[in-house]
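Student: Below are the chains, spelled out letter by letter.
Number of protein chains: 2
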Amino acid sequence: MRAEIIATGSELLSGSMLETNSLFLAEELMLIGIETAFKTVVGDNEKDMEESLRRALDRVDIIIITGGIGPTEDDMTRKVVSKIVKKRLALNEDALKTIRERFAARGREYVNANDRQALIPVGSRLIHNSLGTAPGFLIDQEARLIAVLPGVPREMKAMFIEVLHPLLTERFGGRIFIKRRILRTCGMFESAINQAIENILKREQPIVGLSAKETGVDIRITVRAMSDEQAQALIEKTEAEIRARLGDTVYGVDELELEEVVGALLKQRRLKLSIAESCTAGLVSRRITNIAGSSQYFERGAIVYSDLAKIEMLGVSRKLLERHGAVSAEVAAAMAQGIRSAAQTDLGLSVTGIAGPDGGTEKKPVGLVYTALASSQGVKTDEHRFLGGREQVRIRASQMALDMVRRHLIG
Amino acid sequence: MRAEIIATGSELLSGSMLETNSLFLAEELMLIGIETAFKTVVGDNEKDMEESLRRALDRVDIIIITGGIGPTEDDMTRKVVSKIVKKRLALNEDALKTIRERFAARGREYVNANDRQALIPVGSRLIHNSLGTAPGFLIDQEARLIAVLPGVPREMKAMFIEVLHPLLTERFGGRIFIKRRILRTCGMFESAINQAIENILKREQPIVGLSAKETGVDIRITVRAMSDEQAQALIEKTEAEIRARLGDTVYGVDELELEEVVGALLKQRRLKLSIAESCTAGLVSRRITNIAGSSQYFERGAIVYSDLAKIEMLGVSRKLLERHGAVSAEVAAAMAQGIRSAAQTDLGLSVTGIAGPDGGTEKKPVGLVYTALASSQGVKTDEHRFLGGREQVRIRASQMALDMVRRHLIG
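Same order as they appear, the protein sequences are chains A and B.
Just so it is clear: in the first sequence, position 2 is 2 by our numbering, and no numbers are missing.
Just so it is clear: in the second sequence, position 221 is 221 by our numbering, and no numbers are missing.
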């Protein structure tokens with residue numbers, strides 16, 4: 001079963017307003033077992049809307065149209081649908097009554113233009129709008145289903161949940177159970193992950209896809225099965241297979257962020273962390289403290305942008321800075337040890353690097369970053385060479401710094 | 001001239017990821033005078049992508065495709081475009097060289113799968129990707145223009161601006177002159193701005209609209225005119241009118257961020273800043289250092305999450321903390337003075353507050369934040385009461401802290 005979501009409204013094509021209804025609809029449809037194959041956004045233009053609807057009827061089974069059913073001139077969804085399904089518009093008494101009552105209840109003057117909202121194609125089923133005035137409607141057309149809903153998100157959502165969800169579930173759901181899990185990874189390139197799990201990515205079931213973000217690659221597993229248990233089992237089997245290949249590269253599932261994982265590990269082990277940052281200049285500390293309750297494990301941070309700050313705040317020696325330069329494994333190590341000892345915490349984390357765009361040399365190019373972690377067992381350092389602009393280098397550096405703590409705690 | 005934007009990627013149909021590239025593209029096209037008639041989102045499915053592209057070729061003049069040109073199996077945009085325009089894919093030596101150089105420059109191991117990104121249809125024009133590895137390309141097909149760009153927003157934007165914008169402007173622009181300017185404000189509520197410029201908002205020309213963000217309200221002025229000069233004059237007249245009503249509340253125009261304004265002012269006056277943060281825990285410093293070259297005016301920062309850190313790093317007295325609490329105007333002032341004196345900078349900025357969700361009391365609720373600025377003229381403090389969750393409180397606090405520096409420097 002494949003669906004298309006058609007969002008209507010010229011404002012959605014203007015560059016100033018994002019279409020968000022389809023996000024909700026695609027997710028809901030997916031969980032019923034209906035694949036959203038296309039999303040189309042079309043303006044308040046009769047010809048373009050006709051074209052879009054005809055096209056959708058050719059290529060999918062279920063069409064959900066949002067918007068264009070208000071009381072004004074440019075609300076032409078009703079007219080277009082009526083024309084395409086060849087059913088004339090008729091005033092629905094039930095709808096008219098509800099609209100008028102709604103105005104009366106609010107003590108608002110009734111404008112006759114609102115009558116227009118009660119027009120629906122003959123033979124279609126009315127969908128009441130419990131939160132607004134414009135009702136929707138539903139048409140069964142030669143095994144195709146066309147649902148028309150308002151564009152206002154909360155009205156659309158309520159109507160979908162009240163009417164369409166049960167109807168679609170009864171008609172198309174239940175036979176197929178769909179589960180989704182996202183495995184979140186850090187520290188491996190998309191191309192390398194692709195290579196490591198290539199045969200899993202090629203399988204038809206479950207569908208496994210990659211999406212690269214600044215902070216790492218997400219692996220999305222989507223399973224369709226004949227029962228909930230079967231779906232769950234297949235998800236778990238696939239997750240285990242991927243984890244066996246990628247090991248610690250997977251740091252969590254679904255919406256979990258790396259700072260939450262690190263925070264939970266620190267809390268669980270009752271350890272405290274302090275942070276010294278040069279090129280990331282607060283980003284790592286900002287992320288650690290994104291989590292409510294982080295004061296339990298985060299004590300302080302030093303942002304040491306200048307050499308003098310590294311010397312005064314962390315006790316890094318001037319000689320070391322002169323010999324190796326501020327961007328070096330040696331200075332990263334001294335920074336981690338310096339903040340750990342100043343803050344008297346179990347762990348001291350540091351980042352120093354060249355975020356760019358300036359400051360790079362042949363030997364030390366933009367993107368070169370060192371992270372270090374000091375603990376009671378000594379100090380470890382990592383060298384990284386990140387691609388991307390200043391912001392990307394900093395985000396990636398913050399991610400690898402947090403990941404260093406994670407790997408230390410689970411290792 | 002009508003355009004269609006086709007965004008590819010199954011993740012954009014999954015209900016978990018919003019397609020945002022088309023917002024930028026529709027805006028840019030609009031300013032050139034090109035109408036975006038359709039937006040289509042299609043998954044990584046060869047047949048569906050073919051269908052969408054064929055359809056677009058039937059109904060518009062300009063097609064911009066984003067995404068699906070990475071190195072992995074499910075990146076199939078190249079293949080589909082090649083098939084539809086009937087031009088075979090060939091390895092572009094220029095593109096290949098750039099991709100390999102990019103990897104080499106950062107000392108990273110090359111994975112052969114990356115070669116695939118250098119494949120473009122014969123006869124198409126290469127669009128270099130200055131920020132990533134996947135190049136784009138451009139095809140002129142029977143008076144239709146097809147541009148293929150990566151899905152990564154910053155790469156896509158840079159490539160549009162560098163290559164497509166001048167090309168489309170030369171070819172299609174210039175008949176109607178459209179100008180847009182955004183006035184960025186900070187420290188005034190949307191309803192108050194609405195009241196202050198109500199009559200300007202009601203005018204038909206220029207179109208003036210408000211959009212509220214976490215960090216302040218943007219005022220968007222859009223003008224259509226018969227000449228560039230006329231458009232420019234009307235923009236400037238409206239901007240002057242709005243500025244006369246709102247004064248210093250307007251901190252900049254268009255994409256300018258508050259940290260850029262503050263950075264430019266510090267640089268111009270040759271002043272240095274240091275920062276002490278409690279509840280924002282690195283966010284203010286992170287923002288100040290978003291700007292390349294910020295080491296000229298930013299010296300260091302102290303993230304003083306615990307009381308002990310406030311005492312040890314900033315010399316805040318234990319008595320003061322006990323008497324007034326860490327979240328107080330008195331402690332904010334001592335923090336600002338403490339970091340200024342430790343870092344020996346012209347200005348010392350501090351933030352302390354309750355970001356929530358826990359830690360609030362009746363007297364000191366979640367959202368209560370103090371900012372302070374120490375200079376040679378003494379120390380000033382501001383009290384804020386922000387609405388919103390933890391993240392909103394922190395973002396708003398960082399904005400008001402930066403704004404305190406701005407107002408000090410211009411005042």
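Treat the hints with caution; some may be incorrect.
The list cannot tell twin chains apart, which means a pair is met if one copy fits it or any two copies do.
To be verified - Under the rule of at most 30 Å between Cα atoms (straight-line distance), these lysine-lysine pairs were calculated in the DSSO-like manner:
1. K86 to K363
2. K202 to K79
3. K380 to K97
4. K47 to K213
5. K267 to K213
6. K157 to K213
7. K319 to K179
8. K202 to K47
9. K237 to K380
10. K87 to K363
11. K363 to K47
12. K237 to K86
13. K272 to K179
14. K364 to K87
15. K83 to K202
16. K202 to K87
17. K202 to K380
18. K87 to K237
19. K157 to K87
20. K213 to K237
21. K380 to K83
22. K272 to K364
23. K79 to K380
24. K157 to K83
Just so you know, the hints here were simulated from the structure itself, not pulled from any lab data.
Student: Work down the list of hints and note, for each, if the structure agrees.
Tutor: Outcome of the hint check:
no. : hint         : in the structure
1   : K86 to K363  : neither (72 Å within a copy, 46 Å between copies)
2   : K202 to K79  : between (44 Å within a copy, 17 Å between copies)
3   : K380 to K97  : neither (56 Å within a copy, 36 Å between copies)
4   : K47 to K213  : between (38 Å within a copy, 26 Å between copies)
5   : K267 to K213 : within (27 Å within a copy, 34 Å between copies)
6   : K157 to K213 : both (21 Å within a copy, 16 Å between copies)
7   : K319 to K179 : neither (58 Å within a copy, 56 Å between copies)
8   : K202 to K47  : between (40 Å within a copy, 17 Å between copies)
9   : K237 to K380 : neither (35 Å within a copy, 60 Å between copies)
10  : K87 to K363  : neither (71 Å within a copy, 43 Å between copies)
11  : K363 to K47  : neither (61 Å within a copy, 48 Å between copies)
12  : K237 to K86  : neither (50 Å within a copy, 42 Å between copies)
13  : K272 to K179 : neither (37 Å within a copy, 53 Å between copies)
14  : K364 to K87  : neither (68 Å within a copy, 43 Å between copies)
15  : K83 to K202  : between (43 Å within a copy, 22 Å between copies)
16  : K202 to K87  : between (45 Å within a copy, 27 Å between copies)
17  : K202 to K380 : neither (38 Å within a copy, 62 Å between copies)
18  : K87 to K237  : neither (50 Å within a copy, 42 Å between copies)
19  : K157 to K87  : within (26 Å within a copy, 45 Å between copies)
20  : K213 to K237 : within (25 Å within a copy, 43 Å between copies)
21  : K380 to K83  : neither (67 Å within a copy, 52 Å between copies)
22  : K272 to K364 : between (32 Å within a copy, 27 Å between copies)
23  : K79 to K380  : neither (62 Å within a copy, 45 Å between copies)
24  : K157 to K83  : within (26 Å within a copy, 39 Å between copies)
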